[in-house]
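Position chain S relative to chain G; hints supplied.
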Amino acid sequence: MAKHNAVSPLLQKSTRPSFLKREGTRTVIASLVSIAIGMALGSVIIVLVAALNDSITMKSAWEGVRLVFFGIFSTGRNALGGLTFGFNAVSIGDMLFRATPLILTGLSVAVAFKTGLFNIGAPGQFLMGTAATLYVALSIPSEKVPAALIWLLAFLAGAVAGALWGSIPGLLKSLLNINEVIACIMTNWIAANLVTWFFDAHNELKNAAESGKIGYVCKTSSNGVVTSKLFLDKIFPGSQVNGGILIAILIAVLVYIFMTKTTFGFELKTVGSNRYAAKYAGINDKRDIVISMAIAGALAGCAAALYYLSGNTEFYWSTYQTLPAVGFNGIPVALLAANNPLAVIFSGVFMSMLNISGLQIKNLTTYNEYLTDIIIAIIVYLSAFSLMIRMLISGQLKLFHKKQKTPPQAASPPDPADEESGKEASA
Amino acid sequence: MENDYVIEMLHITKEFPGIKANDDITLQLRRGEIHALLGENGAGKSTLMSVLFGLYQPDGGVIKKEGKEVRIKDPNDATALGIGMVHQHFKLIDVFTVLDNIILGAETTKLGFLQKKDAKKQVLALSEKYGLKVDVNAKIEDITVGMQQKVEILKMLYRKNEILIFDEPTAVLTPQEIDELMDVMRGLAREGKSILFITHKLNEIMAVADRVTVLRKGKFIGTVNTADVTKEELSTMMVGRPVQLEVEKTPAKPGKTVMKVENLCVPSRLYKHDAVKNVSFDVHAGEILCISGIDGNGQTELINGLTGLDRISGGKITLCGREITHASIRKKSDAGLAHIPEDRHKHGLVLGERLEENMVLQRFKEKRFQRCGFIKFDEVRKYADDLIERFDVRSGQGAVTTARSMSGGNQQKAIIARELDREKPLLIAVQPTRGLDVGAIENIHARLVAERDKGRAILLVSLELEEVMSLSDRILVMYEGEIVGELDPKQTTVEEMGLYMSGAKRDGKEETHHGKA
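If you read the protein sequences in the order shown, they are chains G and S. Residues 0 to 426 (numbering that gives the first Met the number 0) make up the first sequence, in order. Residues 0 to 516 (numbering that gives the first Met the number 0) make up the second sequence, in order.
Next comes chain S alone, as it looks inside the complex:
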């Protein structure tokens, strides 16, 4: 059994112009094991999986299925070999039922007619066998994200896939749902399925994986048994140096109120109801206030309302003593608000423009950067070079680099440099570390804490529970557009926060309350 490999990727090398995305990487997946693939962004995990899926052809190395060499030319070949994948962003059709989504593309037919009854029987049998309870007649848009993930898993099982790849599956789940997923994964492995689990979360690897393969900067670092290593050792393997996993910070010294939000309501863009309902809170100087919650519970709309990107349907916002409820984006920003946006490609940067132009995105009209309507490009250059130096933003050609060609971490660093340097009393940071590697996260966390200690008020929105727990001084949990609880990170646990996030618990009402089925 020791060498019963279902899939072997041996000495895979894949080169793109100027970069070796995969350099002699070997990954051997045993039958019935949960194998984690660990690495930072840009480590080559995605390239490796794309090779396995036939999207890229490797420049060197071979892929073996059960000892026999195979060539995977396109995704159809991969499917034929029994390889299935749950993507980070689900590939489901919202208005179709669960059953329709599962059978889509692999329909049982008789004389060209769909045999939905047979299909339903099969799906129900599978869901029974693996403990994946779903309502097959419900529409995808009506079920929770955790349920949708189960549908994705059933999709793979329905296609009789033997090799299941989970790509960052826990990013969208509550702590309770994560536990449930782990159980399902263990069950699948027991039934002989082989699982490849892509992640950068060490806790989950320790909890569920048998072995882990670590990649760093395209290179194979090693495959180890999880039983033989500690979290710290794994993170050192991943990053290449010892990493500070905990955020170092002193207790906050909250000062005066910087922003006061009273009964704020923000309409939803898609539906008629409000996405943010009667939300009230204060942010104080010198504290990091975190808005926590599962994605899609009104956090985005709340921030859009505060910053002016969305219109507000009710309530009042006071910033530094000035009412700015319905002020324009520029007026709000001038009144003392800096904003690290959630989507750095959509809002944060103009990808087609140069880094220096992005650095003055809000400021190009200031006297310093223009004379009589003409931009002083030498001043812009000087300013950008200064920011690049101080914030260690790395790019191919310095200030004239096109923003698009920078790595995600450096793009984020550029935005953070720009927003921090505007020196506004309030900093709104929405998922400032999303998609970044451990080194960059460390750096950004340290900067945020430093800004807090300088007396700036920081409103943080994050979906990463670890980040919420380690960085914030106060936590507000949002559920279905309302703030359902205020927690002290020193006294609460991830599990308790999870109850608030799923709507099972709320301040003032202790009885269990299920929002969505």
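For reference, chain G alone in the conformation it holds in the complex:
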């Protein structure tokens, strides 16, 4: 601001509202509030379940509540059987590892949202990315080609496969005006079956060495292709963390710069906020919809690539009946972040933290994994209410008031459109 004032007196006209009234501040507060409400409600459920269930004591309910909030810092139990908390390198490292694909699928959904599209096709794009990544990573012999190059090729293959898969709903939307949600759901299942069929036919990729691993594709580490740890294993020894999280963060920053600073990002955002105005202004809205979906697909493909190139994850290839949850979880990640690419980093980490907390509850208390899943689901669900909370904060929504409408912006007189809608409401 100070810089602007120095440049020209004209620019002083463009004042920013005070810190608390800024859109961004409100968004952050709203997300934090909804997280808090979610966790509080999760705790209530824990207590309720204990109250209704004789086999769960109130003591263990209290432990469960503490784990909902601080599970990530749980270090197990002490000699007396009480819960202990502290820095748990394994939990935090695992959290970052699991956050990696969530951040990327979250970005995938967020980018599409910004262009006015609901990318519910992230699971399919993730699967296509998985297949492409694994195929490239496992079938190029590492004796002949440097592993780093294979890694790069596999990563790119994942991104490209995701992009191609994502662009199909984009094309259908822009050419035939088919709703992208429907097209995405269709392509999800097509992807699930295609991938199963693909691995069914490629026995050389399956893990035959280990018994009990029937149905799994080899880890990429079997070909020596593994994401570098980038010294993160020194900070979080014993965990699954690797450099993927740094790559995901870097991609999030790049997406942020792309969306907010470039002409093309501006175009996409304009198409998303008002497709008609974009068209009027000479923007090729149809092309932009395809590109936006392709970018979204590429990000979901990257999520798959980083997840499986970690070298410590295996792919269960018979996916035709299930879709990867990490794809769908991109939706709450994006919602919680209000589609801001930088905020996606934090909401992605938060989601995976919940995951770890859930594991801790399952391991340390008498709550079983299903209950844990329900509690986590409630927290996720309420987190997605951040939009409503934001409207409550800025006074656009009044839940417990008498029937009254407030003009959207206080400072200016209501514009005719609002007046019209007011009149229409009187019907």
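Hints listed in this document are in silico derivations from the structure and should not be mistaken for laboratory results. Note that the structure is predicted; figures quoted are calculated from it, not measured. Possibly wrong hints are sitting among the right ones.
To be verified - Listed next, the in silico SDA-like pairs over lysine to any residue satisfying Cα-Cα at most 20 Å (straight line):
| hint | chain 1 | residue 1 | chain 2 | residue 2 |
| --- | --- | --- | --- | --- |
| 1 | G | Lys260 | S | Phe376 |
| 2 | G | Lys278 | S | Arg421 |
| 3 | S | Lys381 | G | Thr259 |
The following block gives chain S in isolation, referenced to the frame of chain G:
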């Protein structure tokens, strides 16, 4: 009789955060009178009516029905008190018949079965009594807008409403239909109905209203007898300063042809036929050519075809010597076309984005505003601030204001600033003053005339007859997708234009010709 008030709204105050929409407003409606409510946009007319309808609860003041204080908590209360309203945009179901629409929500039933015959008898009696001739068996989609309005009026009468509110009822009518409506209103008043007539058209107030209440910026300015005031006095009350009602302009000096349109056909989006049929005309530099007509006669499609928003099914468009018939929107715009769109919220602005971003909506790819694909935000800011200053666009936070939070007039000013500053030889302005207050209209009219005098060609589409008559140098009337007449505003009258607009008259064919029943 002097104080026989059916509805009194006394000292009504309604405050929204940061704005007093109604500040101590008193409106007293006598039985059997036509009472006009006059005010610019944002004067508080809608808020006041919403209070009367129970949509808002007033912060202060009381409402009395026949001297007794009443509380109107929701629209159902208002209906129970006999208050009915004809909305600017009709609330009719297109595929239902006239009769069905009238009885909808107030059906006579016996044992749960509809008694349509009784209802029909009642409706026919009402239509006879008040001279509202409609075909009760016709479907709404098949009848004219004027007829639809009659259906809305019958709806109120069928519900035995005593207080009838007409919200900008003449906006969609031809001059002939307006006269007819005025007669109906007089008849209703004679029968003892009380009419509240919301408008900003002074001529109509002078013609039909007994008294008029004027609001300005949420404040009560006064209630006067129309017999005691002149149009000029009313407009001064409304705006707060003397207003130039006529557009001041010198005769046009048309130059070379800027755009040539030959046999243009544009398909309709909804139906199989063409919405624009074989339309040909030229627009010259230094003239304001106006396309006039009743809403929905192909004007929108014509402009969409010209600007590229809709695809064209036949014909040829030449702009500045280049053929641009099937060029993309951007190519057409680059070839020399600026466009003030009809719907500023749909096409004109991205409401969720900042004002400065809207100012460069078409230009952000120009070298001036970007380097290697990165937007130069400081340049955008500088440019927007310059436009805001030159065109007096007012907003809360200057260039960073979200477009949505600006008032309608300033949103339009922003669009006009953007389009004029692109300095294209042809400016297409579609209803550039719709929904704006008198002050803003004055400003925009003056700008358009100034641009004309600079030698720009202006193609104006307007539904406001006064605007057409005062602003244009040449008038083309569109009826059912065709241009049926070319008129000289200095020689024609509103009545003659009305005949063309309703299809009763057309150039070359002087015999009467009724399009729609």
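Could you check the structure against the hints above and give me the numbers of any it violates, in ascending order? Those not satisfied: there are none.
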